[in-house]
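K.L.:
Here is how the chains run, residue by residue.
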Amino acid sequence: MKALVIDRDLPRFGAARLAAGLGASPGTRAGPLRLRDDVEPPGLPGPDWIRLRPRTSGICGSDLATVQGRSSRWFEPIVSFPFVPGHEIVADDPDGRRVVVEPVLGCVARGVTPVCPACAEGRIGNCGLLGHGHLAAGLQTGYCCDTGGGWSEELVAHRSQLHEVPDELDDHDALMVEPTACALHGALAAEIGPGDTVAVLGAGTLGYLAVAAVARWSAPLRLLVSARHPHQRDLVRSLAGDAVTPEVCGPDALDRAARRATASQAVGAPGHSGARLSGGVDVTIDCVGSTESITQALAVTRPGGRVIMVGMPGVETLDLTPLWQREIAVRGAYAYGIETVAGQRIRTFDLAFELVASHRLGRLVSATYPLERHRDALDHAANAGRRGGTKVAFDLHAPDHPAGRTLKGRR
Amino acid sequence: MLDVDRSTPPVLLHHGEQFRLERLPADRSRIVYPPEPLPGLDDPDAAIRRAIEEPIDSEPLRELLFPDMRLTIAFDDISLPLPKMRRPDIRQRVIEAVLDVAADVGVDDIHLIAALALHRRMTEAELRHSVGDRVYDAFAPRGQLYNHDAEDPDGMTVIGETRHGEEVQISTRAATSDLIVYVNLNLVSMDGGWKSTATGLSGYQGLRHHHNVATMRATRSFMDQDRSELHRSNWRQGAVLRDAGIKVFQIETTVNNDLFGDGPLAVLAKREWEWTPRDRATFMGVKAGLDRMTPGGRRRILHSWEAPYALTSVQAGEVEAVHRITTEHVYDQQLVAVEGQTDVVLYGLPYVGPYNVNSIMNPILVMCLGLGYFFNMYRGRPVVREGGVLIMTHPTTDEFHPVHHPSYIDFFEQVLAETTDPIEIERRYEVGYAEDEWYRHLYRTSYAYHGVHPFYMWYWGSHALEHLGGVVVVGGDPATVRRLGFRPASTLADALEIASDLVGPSPSITYVKNPPIGMADVT
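For the record, the sequence lines run as chains Z and F.
Residue 90 in this note's numbering sits at position 90 of the first sequence, and the numbers go up by one each step.
Residue 1262 in this note's numbering sits at position 262 of the second sequence, and the numbers go up by one each step.
These aren't lab readings, by the way, just hints derived from the structure by calculation.
Keep in mind the model is a prediction, meaning the values are calculated, not measured.
Cβ atoms here follow ideal geometry from the backbone N, Cα and C, with glycine treated the same way.
Treat the hints with care, as some may be off.
[To be verified] Residues from chain F that keep clear of chain Z, each with C-beta distances beyond 12 Å, as calculated:
no., residue
1, Arg-1049
2, Met-1069
3, His-1164
4, Asn-1358
5, Pro-1402
6, Ser-1407
7, Ala-1417
8, Glu-1418
9, Gly-1432
10, Ala-1479
11, Thr-1523
[To be verified] Estimated spans, in silico, between C-beta atoms of each pair:
no., chain 1, residue 1, chain 2, residue 2, range
12, Z, Glu-327, F, Glu-1497, 56 to 62 Å
13, F, Met-1293, Z, Val-330, 45 to 51 Å
14, F, Val-1403, Z, Ile-78, 50 to 56 Å
15, Z, Pro-303, F, Asp-1226, 33 to 39 Å
16, F, Ala-1103, Z, Pro-303, 54 to 60 Å
17, F, Thr-1294, Z, Gly-314, 37 to 43 Å
18, F, Pro-1010, Z, Arg-386, 38 to 44 Å
19, F, Met-1293, Z, Ser-238, 43 to 49 Å
20, Z, Gly-388, F, Ile-1423, 30 to 36 Å
21, F, Pro-1153, Z, Glu-292, 53 to 59 Å
Model the full structure from these sequences, guided by the hints.
P.N.:
Okay, structure coming up:
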């Protein structure tokens, strides 16, 4: 079958990391990702595993980091090579049902019994046995050599990973379920109160979805959103709906916006290095995960406030003194599991389906590409904001497949 | 005024800290030149002494003073004149004359206040330039010469309300003085009168009643006091001051139009068709020199220029009587008869306006200078017809002085990103900026304009925004110009093309050259 494959090729990872310094495109070209048409479909690892034919599979920020060699080596023991990337997956199962894959490979999928304490509580994202059971190491489908991934013509998945897509959602809506689950897991982890002031850093896919989730389940008093490009302002507004009117500003202006919104004093001129706010926002949700964004998060969060890291960081070098001096709590928000909303325990994916449906989040899918144009697709994804887009995906419908709408040619 | 024909040479337009030479379309363009400088008074100090000894509708200053009194001398701040004048500043001459009389009488309790309302505080160097070293050294070290602080919780007093419900609030020191001597430098006809005390020594509580959109839209123009709601409101507040027993001895001064003297910049005051080859060479040299410099270097050079203005009149006494005469003197120097309105008015914006002395003309100040001050330099009717187009030349970069204009940065980033409608801006944002504690802190302790000041700048242009069909900025940074709600054009020809879309083909064009300052008397 045809698939994009990443081999354990250390020289290529190194070359990609170096080339990525010149830009996204050189990084991708130098990296370990290769299109092959002779890949053997993965075998079924055990009972309750089935074959899936992907319809569409998204490109996530963590995928870009991987193909450009920018991922942290933290992942090395919990991935297995060669693997087919792609963990945002809408696929057909053998019965012809459309399904979304919940890609985390926790104890149930691995056939581990008894399940680990985290999986027992439904926190499958925190599964501690990612190298156990009848699967090779791999924290998610798309990072495991035994399961395949979405950037291919076929993969396997455990029945516990599958969520049937209701008819009212098209493929692009369905594609947004997995990233929506990630964002809303972070938004709910922030434990935002109605009187809080919240900043969301980044207006990419995760930023948009975090805004929608915050507005839907825990609308704060004031919401600030940093967005680099002017076109992102209206989309942020529409995603926030009537719950809160976000103030959208450029990343350079966020310090000043936070000062205004929280009636803080400032030492030095906000926006200039060396400026310090007396207060700041109660919660910052960092949907970027870069040195710059984490530094800014620490600068605009009030003493005793919280920073939720939703965007995947790598190896970042930054000054943590403000974290210490301002007693800021930093919490990661990875993947999903079970959320508690209004006293009810609900699967994150169920909430994500609801949010996708109510906001028609499929509109965030800006362009799809065939696997053959993977370099164009990855370049587009890396520059989506600049090019006026958001989510870029692979269109994997077979040529004769009665596919729904495609977005080829759309921006 | 000059009608442009094919023989008219390219004309000079100010372009911020640079210059442009532009050829205007023949047979449908005209140029309104500012009047030539009037001769100055031969002996300014004698004229000042005579004014305070023989005041108008008032007892002489000497008779208003007594030894145990509280005397407050308020004076106009750094926003006047533009550019600053060579030493000795007229304020210094007048203040020294007043202090001589006070010393003769034996007045000890004297405070001198820079009446800056919500403008930034003046630095020591700026105060020294205005009042002179002798006055500064005698009073500042003892805390008797200082900047007005409109946010001092213990330093402001509400005197009362006008019949229109306008609160009247001034400095407590001034309010509790036996006499306020207000020293004016009336650069344009907007300045002076009751606006001096009721605005210059006031704060947000008093200013908000006339520094607002409704007032500015009912002001046609703020350079024509007879048709200015801004002035009517100030005069009502002045009446409250007078009725409360607050005594004001008003001293007003006017200067001529001699901004550039006989030096290398003299060519800037000449009409282009009178330029000699030497003038042309001088201009090209100055232009080339400035063009090669960094923006910071250009700014330093230009802001260091001190004009050789000459005093053309000084009058003292009762506020309103004095001001009527002063206004006539301003008009004598500045009024230019203009027949009929135009489809397109063209301005070249210079490097300095009232609020960026020794500072940066940020985009909001560009708007204020073009649509506020320049547009309102008329009596009768605006130079440009209703629905017409205003074209101005200025680089209009996204650059702000972080110390002087902190709330302007936020206004640009937050407010103008949402709307340029003055009414909406006023309704949604004004109070938040006016009451922002950080802006208050910077206004009181640093050198920042008050948090609400950028709103007033925007309101200053609200009459023009309502009147005009469009605004085009030639040579401005496109993104910044668009943020202001205007249209960018890279050349004057492009700007005229854009204007033609709004007012029709072959529009009539009037270029109002300023500086030096001229005021159109449009019939």
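K.L.:
Please go over all the hints and tell whether each is borne out by the structure.
P.N.:
Evaluated hints:
1. Remark: the non-interface label on Arg-1049 of chain F is consistent with the geometry, its nearest Cβ contact in chain Z lying 47 Å away (cut-off 12 Å).
2. Listed as a non-interface residue, Met-1069 of chain F keeps its Cβ farther than 12 Å from every Cβ of chain Z; the least gap is roughly 40 Å.
3. The Cβ of His-1164 of chain F sits about 32 Å from the closest Cβ of chain Z, beyond the 12 Å cut-off, so the non-interface label holds.
4. For Asn-1358 of chain F, the non-interface assignment is confirmed: its Cβ lies about 18 Å from the closest Cβ of chain Z, beyond the 12 Å cut-off.
5. Consistency note on Pro-1402 of chain F: stated as away from chain Z, yet its beta-carbon is not over 12 Å from all of that chain's, at 4 Å minimum.
6. Here Ser-1407 of chain F does not stay apart from chain Z, with its beta-carbon only about 9 Å from theirs, under the 12 Å limit.
7. Its beta-carbon lying about 7 Å from the closest one in chain Z, Ala-1417 of chain F breaks the requirement of being farther than 12 Å from that chain.
8. Non-interface call for Glu-1418 of chain F relative to chain Z: violated, since the shortest CB-CB distance, roughly 9 Å, does not exceed 12 Å.
9. Against the 12 Å criterion, Gly-1432 of chain F falls within the reach of chain Z, whose nearest CB is about 8 Å from its own CB.
10. Not every Cβ of chain Z is farther than 12 Å from the Cβ of Ala-1479 of chain F; the closest lies at roughly 9 Å, contradicting the non-interface assignment.
11. With a cut of 12 Å on Cβ distances, Thr-1523 of chain F stays outside the contact zone with chain Z, its closest approach being about 45 Å.
12. Take Glu-327 of chain Z and Glu-1497 of chain F: their Cβ atoms lie about 60 Å apart, and the range 56 to 62 Å holds.
13. Judged by the Cβ atoms, the range 45 to 51 Å given for Met-1293 of chain F and Val-330 of chain Z holds: they are separated by roughly 47 Å.
14. Evaluation of the 50 to 56 Å hint for Val-1403 of chain F and Ile-78 of chain Z yields a pass: the beta carbon distance comes to about 52 Å.
15. Against the hinted window of 33 to 39 Å, the Cβ-Cβ separation of Pro-303 of chain Z and Asp-1226 of chain F comes to about 57 Å, which falls outside the hint.
16. Against the hinted window of 54 to 60 Å, the Cβ-Cβ separation of Ala-1103 of chain F and Pro-303 of chain Z comes to about 55 Å, which satisfies the hint.
17. Checked against the hint of 37 to 43 Å, the pair Thr-1294 of chain F and Gly-314 of chain Z passes, with Cβ atoms roughly 39 Å apart.
18. Restraint check, Pro-1010 of chain F to Arg-386 of chain Z: a C-beta distance of roughly 41 Å satisfies the suggested window 38 to 44 Å.
19. Checked against the hint of 43 to 49 Å, the C-beta distance between Met-1293 of chain F and Ser-238 of chain Z comes to roughly 47 Å, which is consistent with it.
20. Taken as a hint, the range 30 to 36 Å holds for the pair Gly-388 of chain Z and Ile-1423 of chain F, whose Cβ atoms sit roughly 32 Å apart.
21. As the Cβ distance of Pro-1153 of chain F to Glu-292 of chain Z is approximately 41 Å, the hint placing it in 53 to 59 Å is violated.
Going through the hint list in order, the structure does not satisfy hints 5, 6, 7, 8, 9, 10, 15, 21.
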